[in-house]
Every structure is written in C-alpha cells, then in structure tokens.
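Engineer: As a plain string of letters, each chain reads:
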Amino acid sequence: MKIRDLTPDQLYQRFGSDGLRIGIGPFVIHLRSPIRGFIADFSFAYADFPVCDKSEISNFRVCVAPAAGWRPWEAQAEFWSDGVSPFKTFPQGLAMPLTEWGLNGCICNHAHQFLMFHSAVVEKNGRAAIFAGPPGSGKSTLCAALMARGWRLLSDEFALLDPSRGWLTPIPRPVALKNASIGLVEKLLPHLRIGRTFAPTRKGTLAHLRPPTEAVERQAQPALPGWIVFPTHAENADTKLIPLGKSGSFVRLQENCFNYSALGRCAFDALAELIETAACYELPFAHAVAAAELIDNLAKVEPVVGLPLHAA
Amino acid sequence: MGLVDRTQTVQWGVPDANALAWRNWGDEFLVYNAASGQTHHLNFLAGEALRCLEAEAADVGELVRRLANQFEIAEGSPPLQMIDGLIGELDELGLIAPSTS
Chain A
1 MKIRDLTPDQ LYQRFGSDGL RIGIGPFVIH LRSPIRGFIA DFSFAYADFP VCDKSEISNF
61 RVCVAPAAGW RPWEAQAEFW SDGVSPFKTF PQGLAMPLTE WGLNGCICNH AHQFLMFHSA
121 VVEKNGRAAI FAGPPGSGKS TLCAALMARG WRLLSDEFAL LDPSRGWLTP IPRPVALKNA
181 SIGLVEKLLP HLRIGRTFAP TRKGTLAHLR PPTEAVERQA QPALPGWIVF PTHAENADTK
241 LIPLGKSGSF VRLQENCFNY SALGRCAFDA LAELIETAAC YELPFAHAVA AAELIDNLAK
301 VEPVVGLPLH AA
Chain B
1 MGLVDRTQTV QWGVPDANAL AWRNWGDEFL VYNAASGQTH HLNFLAGEAL RCLEAEAADV
61 GELVRRLANQ FEIAEGSPPL QMIDGLIGEL DELGLIAPST S
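Residue numbers (my numbering), protein chains in the order written: chain A, 1 to 312; chain B, 1 to 101.
Bear in mind the hints are in silico, worked out from the structure with no lab data behind them.
Among these hints, one or two may not hold up.
Computed far set for chain B versus chain A, every beta-carbon distance over 10 Å [as the list claims (entries may be wrong)]:
no. : residue
1   : D16
2   : A17
3   : A21
4   : R23
5   : E28
6   : H41
7   : D59
8   : R65
9   : A74
10  : G76
11  : I83
12  : D91
13  : E92
Derived pair list, reagent style SDA-like, types lysine to any residue, alpha-carbon separation capped at 25 Å [to be verified]:
no. : chain 1 : residue 1 : chain 2 : residue 2
14  : A       : K246      : B       : N43
15  : A       : K246      : B       : L86
16  : A       : K246      : B       : E89
17  : A       : K246      : B       : S36
18  : A       : K246      : B       : R51
19  : A       : K246      : B       : E54
20  : A       : K203      : A       : P86
21  : A       : K246      : B       : H41
22  : A       : K246      : B       : G47
23  : A       : K246      : B       : Q38
24  : A       : K246      : B       : R23
25  : A       : K246      : B       : L20
26  : A       : K246      : B       : L93
27  : A       : K246      : B       : F29
28  : A       : K54       : A       : R218
29  : A       : K88       : A       : R32
30  : A       : K246      : B       : D27
31  : A       : K246      : B       : G26
Note that the coordinates shown come from a computational prediction; the quantities given were computed from them, not determined experimentally.
Glycine included, each C-beta is placed from N, C-alpha and C at the ideal position.
Based on the provided sequences and hints, a complete structural model is requested.
Structural biologist: Right, here's the structure in full:
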C-alpha cells in the first residue's frame, strides 16, 4: 500500500493515533502527527511512498505535534525525533519544511552505515552523477533539469555511499525547490506535481517537488558512481565542464561529507575508491538546461571506468 | 611537538600508531593518519619524504641522501634544501616524531 491509497480521513486517523511507518529509501520512518494541514502537505509530497507493516522496525520515530507558543494568533508546532526536539517551536503552516530538515538531521546524525555527502544524485543507465556543493550552488535545479532528460532521481539532499560495496543507495525524497527555481522546474517538469509554497522560511520561499513515481518504485535499486560534479550557479557564468584532478576532488568532496570523521579509515578508503571510480568535474553554469545537456552528453560518450570489484 | 630539537642528529620516523593509509594520484598524495583521524593532502616532495621515513627512520642528512638517490639529483639541489622546513611541518601535523627505536 502507498500513502496515496489512503483517504484524507484515513491518513488523519492513522497519523494521529499510532502513526504510520513509511519506507523512505533504506529507512523506515515512523511518523505521528495530529496536524491536518501538515498531514495534507506530507501526504501530497510522499504520495508514492510505501506504507510499511506495523511489524517493521523503524529507524526513526518522529512526531510533529502542536506546541504551546507565545504567539496565540499563530498555531505553533514542534518536531520530535526519538525524544529529542532539535528546533524551537515553529508555525504549524511551516511544519512540512521543518519536518524535512528534521529528517535530514535524523539521517545525518545516525545513518553511519553510509558515507554521507551533501549532494543531489541522479542516475542514467546504471551510473550516477553526484552533484556536491553548499546550499545555493544549484544542485536541486540541475537535478530537476536532468530528470527532464530521463535521469532517475536518487536523492536531492544526500549521497548515501555504501562503503563496502561502493554503490549509491537511493533516497528519492521530495526535491526542495527554492525561490526562482520553483517556476523554472514547473516549466521543466510539467508532468510532475509541486506542493504549495512555504514562505518565509530561513531559505526563502520553498516548495517540494513530488518525486517521480518510478524513482520511488525503484528506491531499492542502487547505482554505481559515474561522475562527481561540483556545480556553481552564477548569472554571468560561462557554462562548461572543467575536469578536476583526483586529489583536489577528494578534498572538496570530503568537505561535503557529513560523517567523514565518524567513519575514520573506512571513510578514507571509501572516498578514495569513489574518486578513483568516478570522473570529476567543476561546473560553473548560468542556465540549468544548458548545464544538464553537458552532463547528459557525458553519459553518452564516457565509458565506464574502474567499477568497484564487489559492486557489479 | 613544537619544542623538539630539529637538529641534524634527531632520527625522525612515523610512529606505529599513525598506521598511515595512502593514495597517490599523479604527483600528489593523500594520507590518512589513524592516530589523529586527519587526512592530509601532500605534494610530491612531502609525500615521498614521508614515505621514506615510514619505511625507515632517518635524520635530516640521511633523508636528503635517500631522496637525492631516489630522484637522481644532487643533495644540494633546491627541492632538497627545503627538507629541514618540511620535517618541521610533518612534525607539527603529527605525521612524524623523533624515533625511539
């Protein structure tokens, strides 16, 4: 059963009582909330994700609950994960983006079976392109532009590298679109649905692109790394792919890694193998469509190199 | 570490606890130090000097002789004149220490 198979009343009843266990990438999230507006936003964005059986062990137990706030004219909410609330209370109307950030924190702080990078990841013909960079570098927009060219969404936020197998595990959660990219992605992917906009948030105006049904249905299928790309968006940039050396790419990707220190030697070996396997590029770009075309062409002309021995 | 006398007579080596892990791409090295958990990006000279000391402890003079022999250059050539300073940097990074063996 998928979330979309439940009626609004069923969703409200189940989220509000025992909660729902939802299969999101390699994780099972147990989510509870009695807030109708949040349930509607979440169920829209996660419509195609599977509802798991009660017997499934959940990785994270999350509750988005009403909170007493000092602004009685604006209903407040709080995010809890396994008894910890990482944020101050927030307006209930912003519960969806805050929950997304809260889930990011859950994964980032606990999923050390993976080497995790702050990256968007898309795949074509079994090989993945990893877009690594800080917020605002254009990862999500590039990711959407490549989805429009038939690439599969693996993740908008995390590259989850399995250190022992060398492959990337999908976690195709909704794509967080910010400000001008919302309108652009609407045009690029007219067949996909974008939820309501949230404003103001600390990242400006924000909306969530519902991931393609196919990406969710294939969320158990990993991909081998093919390319590591460091994008930087600037209005006046000369859009081009610039090949990067391995050592420099290692250092830059390490800077985007959430848990490099926690994994120690294992992280060094996994990152080195990833860098050896993938071709590395810098990508300054002004227009996501032109940048996506360059990446798409790479996938056509570059042969597979250095497949991890145990990945095939 | 900063107080160690770096005169020619000190024997420098890589402590066993460092258990260095290496990757070499072209003329650059990445080295992981298990004792500190740090990864270091080294140029060719620093990488080769560290590999030399990892293989066997040496004082500065001996290290210069080994590298000169390895690269087939004169002991007084410009790159090898930097070895003394390089030893200081590797020491401060915790990659080498005065050898006790």
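Engineer: Does each hint fit the structure? Answer for all of them.
Structural biologist: Comparing the hints with the structure gives:
Annotated as non-interface, D16 (chain B) keeps its C-beta farther than 10 Å from every C-beta of chain A; the closest such distance is 15 Å. Every CB of chain A lies more than 10 Å from the CB of A17 (chain B), the least distance being 13 Å, so the non-interface label holds. For A21 (chain B), the non-interface assignment is contradicted: its Cβ lies about 6 Å from the closest Cβ of chain A, within the 10 Å cut-off. Distance check for R23 (chain B) against chain A: the nearest CB is about 5 Å away, which does not clear 10 Å, and the non-interface claim fails.
Against the 10 Å criterion, E28 (chain B) falls within the reach of chain A, whose nearest CB is about 4 Å from its own CB. At the 10 Å boundary, the C-beta of H41 (chain B) falls inside the reach of chain A, the nearest C-beta of that chain being 5 Å off. Listed as outside the interface, D59 (chain B) is consistent with that label: its C-beta sits roughly 29 Å from the nearest C-beta of chain A, beyond the 10 Å cut-off. The claim that R65 (chain B) lies off the interface holds: its Cβ sits roughly 28 Å from the closest Cβ of chain A, which is beyond the 10 Å cut-off.
For A74 (chain B), the condition that its CB be more than 10 Å from all CB atoms of chain A holds, with the nearest at approximately 28 Å. The Cβ of G76 (chain B) lies farther than 10 Å from every Cβ of chain A, with a closest approach of about 29 Å, so its non-interface assignment holds. The Cβ of I83 (chain B) sits about 22 Å from the closest Cβ of chain A, beyond the 10 Å cut-off, so the non-interface label holds. Non-interface status of D91 (chain B) relative to chain A is upheld: no Cβ of that chain comes within 10 Å, the nearest being about 22 Å off.
The Cβ of E92 (chain B) lies farther than 10 Å from every Cβ of chain A, with a closest approach of about 19 Å, so its non-interface assignment holds. Restraint check for K246 (chain A) and N43 (chain B): the C-alpha separation of about 13 Å stays at or below 25 Å, so the hint holds. Using a Cα cut-off of 25 Å, the hinted pair K246 (chain A) and L86 (chain B) holds, with the two alpha carbons roughly 23 Å apart. Taking the CA atoms of K246 (chain A) and E89 (chain B), the gap is near 24 Å; set against the 25 Å cutoff, the hint holds.
For the hint linking K246 (chain A) to S36 (chain B), the alpha-carbon distance of about 23 Å falls within 25 Å, and the restraint holds. For the given pair, K246 (chain A) sits about 20 Å from R51 (chain B) by alpha-carbon distance, which is consistent with the 25 Å threshold. For the suggested pair K246 (chain A) and E54 (chain B), the alpha carbons sit about 23 Å apart, so the restraint of at most 25 Å is met. Distance restraint check for K203 (chain A) and P86 (chain A): the Cα-Cα separation of roughly 18 Å lies within the 25 Å cut-off, and the hinted pair is therefore satisfied.
As the CA atoms of K246 (chain A) and H41 (chain B) are separated by approximately 11 Å, the hinted pair is consistent with the 25 Å bound. This hinted pair checks out: K246 (chain A) and G47 (chain B) have alpha carbons roughly 15 Å apart, not beyond 25 Å. Between the alpha carbons of K246 (chain A) and Q38 (chain B) the distance comes to roughly 18 Å, so the proposed pair stays at or under 25 Å and holds. A distance of roughly 10 Å separates the Cα atoms of K246 (chain A) and R23 (chain B); the hinted pair therefore holds under the 25 Å criterion.
Distance hint between K246 (chain A) and L20 (chain B) is fulfilled; the C-alpha atoms sit about 19 Å from each other, no more than 25 Å. For the hint pairing K246 (chain A) with L93 (chain B), the CA-to-CA distance comes to about 22 Å; that is within 25 Å, so the pair holds. Using a Cα cut-off of 25 Å, the hinted pair K246 (chain A) and F29 (chain B) holds, with the two alpha carbons roughly 10 Å apart. Under the criterion of a C-alpha separation no larger than 25 Å, the hint pairing K54 (chain A) with R218 (chain A) is consistent with the structure, at around 22 Å.
With a CA separation close to 19 Å, the supplied pair K88 (chain A) and R32 (chain A) stays within the 25 Å bound. Pair hint K246 (chain A) plus D27 (chain B) holds up; C-alpha atoms about 11 Å apart against a cutoff of 25 Å. Among the hinted pairs, K246 (chain A) with G26 (chain B) is consistent with the structure: their alpha-carbon atoms are about 9 Å apart, no more than 25 Å.
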